[in-house]
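Protein chains in written order, with the numbering used here: chain V, 1 to 743; chain U, 1 to 448; chain C, 1 to 163.
Honestly, the hints are just simulated from the structure, not real lab data.
Computed from a predicted model, the values in this text were never measured in an experiment.
Check the hints yourself; a few may be wrong.
Below, computed lysine to any residue pairings styled on SDA-like, alpha-carbon distance capped at 20 Å [stated by the list, open to error]: (1) U:254 / V:618; (2) V:170 / V:142; (3) V:738 / U:146; (4) U:393 / V:622.
Incomplete in silico selection of chain C near chain V, CB under 7 Å [what the hints assert, rightly or not]: (5) 45; (6) 127; (7) 137.
Okay, the calculated bits of chain V under chain U, using three or more residues with CB under 8 Å as the criterion [claimed, not checked]: (8) 613 to 622; (9) 665 to 676; (10) 679 to 690.
We put the beta carbon where it would ideally sit given N, CA and C, even for glycine.
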Amino acid sequence: MNAPLTSPTRRMFLATGGALVVSFALRPTASYAQGAKPPQPKLPGSLGKAPYLDAWIGIGGDGTVTVFTGKAELGQGIKTALLQCAAEELDVDPKTVTIVTADTERTANEGYTAGSHSMQDSGTAILNAAAQVRGILIELAATRLNLPAEQLQAKTGAVIANDGRSVAYKDLVTGEALHRVASAQSPLKNVKDFKIIGTPMHRVDIPGKVTGAPMYVQDMRPEGMLHARVVRPPNYGAELVAVDIASVEKLPGVIKVVRDGSFLAVAAQGEFQAIEAMNMLASIAQWRKVAQLPDQGTIHQFLTRLPSQDQVIANKGDPSQQGAHLLRASYTRPYLSHGSIGPSCALALMKGDKLTVWTHSQGVYPLRNSLADMLHMKPEQVHCIQVEGSGCYGHNAADDAAADAALIARAVPGRPIRVQWMREQEHGWEPFGSAMISNVSGAIDDQGRIVAWNYEVWSNTHSTRPGGPAGNLLAAQYLAQPFQPPEPKEIPMPEGGGDRNAIPIYAIPNERVVDHFIPQMPLRVSALRALGAYLNIFAIESFMDELAEAAKADPVDFRLKHLDDPRARDVVTKAAREFGWNKDKLPRGQGRGFAFARYKNLAAYCAIAVEVSVERETGVVRLGRVVAAVDSGQAVNPDGIRNQIEGAIVQSASWTLYEAVTFDRNEVTSVDWSRYPILRFPQAPESIAVHVINRPGEKFLGTGEAGQGPAAAAIANAIADATGARLRDLPLSADRIKQAIGV
Amino acid sequence: MLGRTLLGLAIALILAFGAFFAWQWRGELAPTSTSAHAFDPGIVTKGAQLAAIGECAVCHTRAGGKSFAGGFPVQTPFGVVYGTNITPDRDTGIGAWSEEAFRRAMREGVARDGTHLYPAFPYDHFTKLTDGDISALYAFLMTRAPVAQANRQPQLDFPLNFRIFAAGWQLLFLTKGPYRNDPSQNATWNRGAYLVEGVGHCGACHTPRNALGAERPKEAFGGGVSEGWNAPALNASSPAPVPWTADQLTAYLKTGFADQHGIASGPMHPVVANLAKASDADVRAIATYVASFIGPRNAADRQRQTEASLAFAKQRAVSVSDLARTTTGVAPADDRTAGGVLFAGACANCHRSGGGLPASRPIALALSTPVNSSDPTNLLRIIADGIHPAPGKSGPIMPGFSGALTDPQIVALADYVRAHYSRGQAWPNIAATLAAIRSNPTPAMEAP
Amino acid sequence: MTVLNVNGKQHEVDADPRTPLLYVLRNDLALNAAKFGCGLGQCGACTVLVDHNPVFSCVTPIAALEGRYIRTVEDLGSADKPGPVQRAFIEEQAAQCGYCIPGMMMRAQALLEKNAAPSDAQIREAMAPNLCRCGTQMRILRAVHRAAKLMTVELNEPREVKG
Ligand code: FES
Ligand code: FES
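This is chain V alone, in the form it adopts within the complex:
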């Protein structure tokens, strides 16, 4: 499942073939899934979810080490980092280790691959499991060589005795040697002895990706596969009134047109044939439109007027204090598109009463439950295998494509069905990142200290992921017997959803923070990288600069003045020093900006400094040098961390400067790259330097979403520095900047 596969068919075979063996290791987890408590005391990371060691680590008769993770490779390089954890504690060459990612019959149920959790959950589990396996191997060798364990050590795939004798791992593990429940304590290595963890390692997936190996679910082409396309309604909720299926089934290559209520799809021999049949169906289908969308121009007022569930998430001292200066500001973000470069894709095969689905979903177990519900099957009858897709950055249409494939596969049993969405479908139907509004007021005293802080944020949900009932699967809502989407719920603190990072990390004596959760969704929304933290950090870090200005303080000094956490201070200082931050005024039209956040206030620390120039006549922004410092705890693959932060900065720059989902009263109109422009090469920053602060022995904090918020605020602060104009509504488009500058 991991290394470049020579043939997709082989992958399919493996995927189903390997299953039996490991499901044995997973058996106990089923009962936990049904509510029983995992054994106490609590096991590290995700071990509690699958406490048997062989659910995580396998050693084959040939000595090959296999690592099993319930997390998915999304392009974030997780496979490589997890391999490094296992190889380190097992003392084997990471290149010899293979890894199996999320698979409902082979790996633990680790829920979703989201929230920058993979290293905390899976990394911790694998690190400990590997250490415990090493312990077992040494025990076994001790008996084998009858020597005290103290005289033995693991080295490159074997246990070696001081007297020079050695036994290879493969000769030690027989039968169920590793089928043991993990213990709470692991014989972890001393971090000083780490050779693999903390050392940059080339990602295992890149060679295949740059040589055309079939790495993606889009590349699978099993025997007898049919290409399918779905015809989406013209807008939200439209009902299919009539369509002349027969005329399309006559087209060359068409095998079957599938209709179930308002779900309409076609399966054909050839991909282009499927596309032309889809176009044909789309042009002859008659729909009844029902949905009306709100006016885009006033969407934020519209949202704040909707009923909301309000929650005070922070309340200390007397936030009503006025201080020496009192400032108020309001910040907004539009709906944002995940905009994966490759539209979502899935394969499905219905064989007898068993459905197998190959998907780039972020959560194969939750998806399995929802698919089973939609198809009225038992979860055990549905096998979901994660295969990499195009980068997703959150809950895009991956699960919906899986549902489409499943429905078509049910109608064409025995044939593998490959569905890929069209660009317009991905842009028009994916769940967007919610539009948001936040109001903030802050008071500073005459020492330039923040004495009071009030913050309110309004948002739709940031998760309509599948999991339980089928209602969150797009297709399920359009079937003849439709499934209703479940009532959305706010993600609880401390992680939070719309209120993620809404509580300032700074030392403020009096503060009040309110989260207004708006259940009603005029546009389909769900998780987009960083969730609410993108707006909340943009707002808080922009406002910190506004307060600093009022206090006549340097933005970096001002932040440090309000930061107690030494790791936070280190990151801020590091970024400022490496950037060469100073106080001298830049020439008109040029500016520098700084921002900092600790993701979720409990994960990675990230500070970013940016320099920009703004063309006064046009408002066009050019990004100059960008310098970031990040502390993700124990760094496993430092280059992986740099890659993630670089990516987060560029993606966030694109969101921040250019992006907004557009819609009229009927439908989403930003349905391709011509109407949803994103950053292209000429607009990329001049340079990005990422400095990783490694914290050997500290907890893994994750990295994936740490850069999004700080990058946005740093850019906004730099634009304010360059133009004297403070922009608070995203995107900070050239037109808005020009307007703010005036003539």
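Once you've looked at the hints, dock chains U and C with the ligands against the given chain V.
Using the frame of chain V, we list chains U and C with the ligands on its own:
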């Protein structure tokens, strides 16, 4: 006898030349003592709007360069003239120009130092501006960020590289003096006429020029050329299938798109990008004036032509339901021609009607002006280079097909499009036109 | 039957001549590198070389391609024998999800065949038609610079000319 006549003739010539020389002589105007000017912000704003309508930034900004710092190559039949630096930089820009010097340049085409300016700088239009508007433009330019960027010398063929010829040109073709209202027309029309004939200098591209590069007054708006593109006729001979209305023109000039005509591309792209900054009233006025002479004059003819064109477009709209009826998919049955097949594979995916979510919503090709012009230049340029919105801006994207298609294939495609989407007769000269374009490439246009 | 010269091999393709090259490469010839991104000529994920020009294979019908020289990432090298552009992308670790990368590599290859030592600005301009959503742009730029160096090193070795 004869000798005397010759002598007389010679004397007459010398006198005439002397008189001309004296006439054309302009002194240098003193530099301003300082570049620090105070202007009423209201005046500056007014200037900004006029500068937008005048498209100053287009010819006075080179690709990727600083606004108004010059360097943009203006192609003329006699060679290349480069837009000059009009930022208030004292040494390389117009920082040392008094308002008097600026007014003289606008009215008479003479620089501060007394040299005559080539008419690529359209003072034959700017001369029509009111004093108030010239002051506003001066105020706007003088409050820009100064940029030190030396001007590029024009590259003109001998003998035009001698500035005195510019003076001669002015003697022949420059009628100085502000625009005069036409009392028989309403205020909007007159405002539009003032903007179009004056600061907007639309005729500079849309009016054919004579051998000496002057607009032919008798053929006003009869169609011209700009940067290797055809600037379509805006008078009775406008090639637009559906006659333009003031509403369609307003939409087009304000947003770059009119649903019965299509999008602004080529050199018109930056023009509409600038007009977005102009006031709605002024754009409406421009549209009103142009609408008063574009297309068929008589209402019945306009009505007839509109209905006929829309009907034809409807009939020719690429409909995917043709799939059912033909073996060739999106292209109708008669089009197994090379061009028809290329169209079906390369174009129809976007240029089809009906079905699913809106794609980039290209207009019906049968309504497109390039397809219906008498000459294939603009269509060929669009097929070859595509259409690209300004970086980070929303706008139609069309990939250029040079490289994907060979020139003969592009020719076949253009021929097919013409035959299929226009009622005009086939273009005789597509291959030759494409060859000419290849010998004079212009980069795909992007807004400033 | 349409005869296509892909990566130096002749292929008889039994597909409607209107079919865009992308689908033929992926499904008929099992060449996975070129990807479907938009099918509209807007993103570059499908970029291949035709007669040395970077081309959007998603909007190029095979009818246009008989007798022309088509190249894909598979022609640049293999996992065991990566070519200079591939090596550069590996050495710079220039991928996140990697979905856009084959298109990027082909556009880079086209640029470097025309201009052996492009400036950063020239690279950015040449790469502008290709989108990357993961934000790998900085690494891709580094990879193209590195590929330029690797290629000039190899310039001494005679490059075989096909098509
Ligand atoms: S897939 Fe061809 S350009 Fe996007
Ligand atoms: S690496 Fe993911 S789209 Fe470029």
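Structure-based check of all given hints:
At most 20 Å may separate the alpha-carbon atoms for a hinted pair to count; residue 254 of chain U and residue 618 of chain V meet this at roughly 17 Å. Distance restraint check for residue 170 of chain V and residue 142 of chain V: the Cα-Cα separation of roughly 15 Å lies within the 20 Å cut-off, and the hinted pair is therefore satisfied. Proposed proximity of residue 738 of chain V and residue 146 of chain U is supported: the alpha carbons are some 18 Å apart, at most 20 Å. At most 20 Å may separate the alpha-carbon atoms for a hinted pair to count; residue 393 of chain U and residue 622 of chain V meet this at roughly 14 Å.
Contact between residue 45 of chain C and chain V, as hinted, is supported at the beta carbon level, the nearest pair being about 6 Å apart and thus within 7 Å. Satisfaction of the interface hint for residue 127 of chain C is found here, the shortest Cβ-Cβ separation to chain V being roughly 4 Å, below the 7 Å cut-off. Hint on residue 137 of chain C holds. Least Cβ distance to chain V is approximately 4 Å, under the 7 Å limit. Residue count for the region 613 to 622 of chain V with a Cβ under 8 Å from a Cβ of chain U: 5. That meets the three needed, and the coverage hint holds.
With a cut-off of 8 Å between beta carbons, the region 665 to 676 of chain V has 10 residues touching chain U; three or more are needed, and the interface restraint holds. Counting residues of the region 679 to 690 of chain V whose beta carbon lies closer than 8 Å to any beta carbon of chain U gives 4, which reaches the threshold of three, so the coverage claim holds.
Hint violations for this structure: none, all hints satisfied.
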